[in-house]
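Enquirer: Make the full structure from the sequences, and use the hints.
With this note's numbering, the residue at position 36 of the sequence shown is 31, and numbering never jumps.
To be clear, the hints were calculated from the coordinates, so they are not data collected in a lab.
Given the structure is predicted, the values throughout are model-derived calculations rather than measurements.
It is possible that part of the hints are untrue.
[What the hints assert, rightly or not] Listed next, the in silico DSBU-like pairs over lysine-lysine satisfying Cα-Cα at most 35 Å (straight line):
#1 Lys114 to Lys166
#2 Lys189 to Lys155
#3 Lys109 to Lys210
#4 Lys219 to Lys166
#5 Lys219 to Lys150
#6 Lys179 to Lys28
#7 Lys28 to Lys204
#8 Lys127 to Lys109
#9 Lys114 to Lys77
#10 Lys210 to Lys179
#11 Lys77 to Lys127
#12 Lys242 to Lys179
#13 Lys179 to Lys109
#14 Lys28 to Lys242
#15 Lys239 to Lys204
#16 Lys166 to Lys204
#17 Lys242 to Lys77
#18 Lys166 to Lys77
#19 Lys239 to Lys166
#20 Lys114 to Lys142
#21 Lys204 to Lys142
#22 Lys179 to Lys219
#23 Lys142 to Lys77
#24 Lys8 to Lys77
#25 Lys153 to Lys210
#26 Lys109 to Lys219
#27 Lys109 to Lys155
#28 Lys8 to Lys179
#29 Lys153 to Lys127
#30 Lys114 to Lys150
#31 Lys189 to Lys210
#32 Lys109 to Lys153
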Amino acid sequence: MRYTEYRPNGILKDFIQCYFVCETDIPVMTDDKVFATGAVEILFNLGADGPQQIKNGDLVTCPDIQLWGQTIQPFTFTSYGKHCMFGIRFFTHTAACFFNERIEEFNDRIIDFKELGGKEAALLHLRLMEAKTPDRRIDLVEEFLMKRLLTSGPKFSKLKLVNNIMFDLSKEDFLENINTVAAKYGLSSRYLQKIFLNYSGLSPNLYTKIARFQKSLYRVAENKLSLTSIAYECGYFDQSHFIKDFKFFTGSPPSRFSPESSTDFSAALNN
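Expert: So this is what it looks like as C-alpha cells:
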C-alpha cells in the first residue's frame, strides 16, 4: 500500500495536519489494527470498487465517505478491495470548528459522513472522483472546508486559548497537574476540562496519555531501545506505567507489538 501526505494551504494550515492518500494497484486483503492517534479524520473512497469490510464471512460495502472520530479503544477490521482513499486529518482540537455536532459524540465511531455533510458532501465526493490530480483534489476539499469553517464563527472565540493549553500539555516536563495549567489562564480546572473536551473530544489527561503513547509507539516499532529507556524518554513514571498504558491503547504489551499488525501505521512509519 502506498501512503502519501500533502500539506494544506493558507489559513487551513492552522486546522489541518495533512491530507493523505492510501492506495494499491490491485485488490488486496488487509488486516488493520487501529490505535489512538489523537486526531479526527475524514476518508473519501475514490476507488472504482472501494474496499469492503469482511464481517461474519461476508463482504460489506463501506460508506463512500467515512468520519473517523477519536479512537480510544483499539479495534481490528479486515477489508478487501483496490484501495484509493483520500483523507483529511485534523489537529486534535480543530475538527470541532467544522461541525455543529459535539465532537465527543464521534469518539470510537466510524460514521457515514454523508449523514452529516448532506448534499454538499455527496457532491464533493463525485467531484473528487472526477479530479485527475492530487492538487485538484486538494483544491476541492479546501473549498468545501472553508465553507464549513466560515459558519463556525462562535467556536473561534476559545480556539486560541485551547491551542495555548494544548501547547502547555504537550511540554515534555508536564506533570499532569491540570490545576497549574488552569491557574495560568485564570480558569477553574473544571472549566478548562470542559472547553478542552468541547474542542478535542478528549479530557486533558486522556490527551496527554495519547500523545505520550504515540511517542512510545514509534520507539517500540523502531526496536532500538529497551522498554525501560522508552518509558523514561516518553515521560512515564516507570516501566510498569508504560506497559499498562501501552496495553490499554493497543490491547497487547509492547514486548509483543508488531508494526506490521497495522497497515496504516506501517505506511506512515515508512513514509
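Enquirer: Now look at each hint and say whether the structure bears it out.
Expert: A quick look at each hint next to the structure:
1. Lys114 to Lys166: Not OK: Lys114 and Lys166 at ~42 Å, beyond 35 Å, violated.
2. Lys189 to Lys155: holds (15 Å)
3. Lys109 to Lys210: With Cα atoms ~33 Å apart, Lys109 and Lys210 stay inside 35 Å; holds.
4. Lys219 to Lys166: holds (24 Å)
5. Lys219 to Lys150: With Cα atoms ~43 Å apart, Lys219 and Lys150 exceed 35 Å; violated.
6. Lys179 to Lys28: Violated. Lys179 to Lys28 sits at ~39 Å, over the 35 Å cutoff.
7. Lys28 to Lys204: holds (19 Å)
8. Lys127 to Lys109: Holds, at roughly 23 Å.
9. Lys114 to Lys77: holds (26 Å)
10. Lys210 to Lys179: holds (26 Å)
11. Lys77 to Lys127: Holds: Lys77 and Lys127 sit about 17 Å apart, inside 35 Å.
12. Lys242 to Lys179: holds (33 Å)
13. Lys179 to Lys109: With a Cα-Cα distance of about 41 Å, the restraint between Lys179 and Lys109 is violated, given a limit of 35 Å.
14. Lys28 to Lys242: holds (13 Å)
15. Lys239 to Lys204: Distance of about 11 Å is within 35 Å: holds.
16. Lys166 to Lys204: holds (13 Å)
17. Lys242 to Lys77: At roughly 32 Å apart (the allowed maximum being 35 Å), Lys77 and Lys242 satisfy the hint.
18. Lys166 to Lys77: violated (41 Å)
19. Lys239 to Lys166: holds (22 Å)
20. Lys114 to Lys142: Judged against 35 Å, a Cα distance of about 14 Å means the pair holds.
21. Lys204 to Lys142: With a Cα-Cα distance of about 33 Å, the restraint between Lys204 and Lys142 holds, given a limit of 35 Å.
22. Lys179 to Lys219: Violated. Lys179 to Lys219 sits at ~38 Å, over the 35 Å cutoff.
23. Lys142 to Lys77: The given pair, whose Cα atoms are some 31 Å apart, holds under the 35 Å limit.
24. Lys8 to Lys77: holds (30 Å)
25. Lys153 to Lys210: holds (27 Å)
26. Lys109 to Lys219: Status violated; Cα separation ~44 Å.
27. Lys109 to Lys155: Judged against 35 Å, a Cα distance of about 30 Å means the pair holds.
28. Lys8 to Lys179: Given pair Lys8, Lys179 holds - Cα atoms ~27 Å apart, limit 35 Å.
29. Lys153 to Lys127: violated (38 Å)
30. Lys114 to Lys150: This hinted pair holds, its Cα atoms lying about 24 Å apart.
31. Lys189 to Lys210: holds (26 Å)
32. Lys109 to Lys153: It holds: about 28 Å lies between the C-alpha atoms, which stays within 35 Å.
Checked against the numbered hints above, the structure violates hints 1, 5, 6, 13, 18, 22, 26 and 29; every other hint is satisfied.
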